[in-house]
Every structure is written in structure tokens, then in C-alpha cells.
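J.: Turn these sequences into a full structure, and let the hints guide you.
Listed below are the residues making up each chain.
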Amino acid sequence: GDSVTQMEGPVTLSEEAFLTINCTYTATGYPSLFWYVQYPGEGLQLLLKATKADDKGSNKGFEATYRKETTSFHLEKGSVQVSDSAVYFCALSPNTGFQKLVFGTGTRLLVSP
Amino acid sequence: NAGVTQTPKFQVLKTGQSMTLQCAQDMNHEYMSWYRQDPGMGLRLIHYSVGAGITDQGEVPNGYNVSRSTTEDFPLRLLSAAPSQTSVYFCASSRNVDRFGEKLFFGSGTQLSVL
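Protein chains in written order, with this note's numbering: chain C, 1 to 113; chain R, 1001 to 1115.
Some hints could be false.
Said to hold, decoys possible - 25 Å max Cα-Cα, derived BS3-like pairs, lysine-lysine:
(1) C:100 to C:68
(2) C:56 to C:68
(3) C:60 to C:77
(4) C:56 to R:1009
(5) C:60 to R:1103
(6) C:100 to C:52
(7) R:1103 to C:68
(8) R:1103 to C:52
(9) C:56 to C:100
(10) C:100 to R:1103
(11) C:100 to C:77
(12) R:1103 to R:1009
(13) C:52 to C:77
(14) C:56 to C:77
(15) C:77 to R:1103
Simulated from the structure, these hints should not be mistaken for lab results. Bear in mind that the values here come from a model prediction, so they are computed numbers and not experimental data.
T.: Shown next, in the form of C-alpha cells:
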């Protein structure tokens, strides 16, 4: 079945450091790919998405490119801030309805001043 | 605009007790769902609904019931709570069931402990 694999955390960085959180997926066909973020005490929010190969999703300085050849959707940010501390979830949708939406296990990011 | 509202935020139950987690959305969304979040396991779908009067099971439905009598509300019932149901529960909704790349709107969660 479809699956998403994320790097284990926590990822600990200093402010202004470069961030990469790896995400790879297994799916048939051409799924949509998402990054959701969960700030402490809150529900998940969509951070960015890409719906076809080679698309780049971007939001709030974060970027991720849909790479079908490597089945990856790595999240990057050039300069993290303390306010970016959160849990980041990679997810895929096979576009057959939300009942098939698959989440990764989440990666906690801790940014120190 | 309230979005997706979940109540309560925290709940402690004893084994065997029953309770209902409430979820309401004010965005006229067709799709509503319940997830549970457990450490190291990401989010897993419990039940979902594609409209009033229509519900179906997700990945982990055992021990939970749902109903959807209105577009706005989608309560989750625990019939006889077990310690394995200790988790954080999220309700999520979306505008369109099958739209390509549609996003989910999440509530802020209910932290449930079953002793």
C-alpha cells in the first residue's frame, strides 16, 4: 500500500541555519504531496503542496519539490527562526478521496536562538 | 470564522466509560473525518463522512462510532473506553471530497487519557 517515510527527529538547529527534512514515498500512480505543520497545542495546518511531478510548493520561506524519479518531497528552508519550531508531517493523497490520505510519522524541529 | 471546533480539549476516562468527542465546522464542508495521533505512528484515520447521512470506516475504526446528521457536526463516540484509546484526537474537514490536491482543515485536538 501507499506509505510515507520521514526522517526521525528531533532536528535541532540554531537560528538562521539551513533546514532539510527528508520525505520519501511509495505510491502507485501520481499522488499529490503535502507538508503539514503542527505548532505546540494546535492542530495541523497545510504548509505547502505539490500536485504533479517537478512542481515546487512554497510558503513562508519553506520549499519542497515533487521528485518522481527519486519518489521524494524533501522540505527545505534557507534560514530557520525560533518560531519555526514545530512538528512537520509529510503526507500523500492518491487522489482517490481523503480516505486514502497517508501521513508520515512527523519530524520535530527545535530551533534555538 | 471559527473553522473546525473540537470539544473538550482534555478528557480523562476510566476503562469502560463512554463519551462523545464533539466536532463542528462552520465552513459548509462536505468532508469530515476523525484521526488519532500516537507517538511514532503519525495520524491514522478512524472514520470519515462525505456528507450528511453518509459515514464510512477508516484505518482504525474499532471501538468508535460516528454519525453525521447535519453538515456541520461530526461527533465521535467511544462506546467502552480502553487504555489503548489513549491518544490525541483530531477532527478535520475539507470543502470537496475528491478535488485534486484539496487541503484539510484541522481542529486543535482532544487529548484523551483512559485509565
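J.: In ascending order, which of the hints set out earlier in this document are inconsistent with the structure?
T.: The structure breaks hints 4 and 11; every other hint is satisfied.
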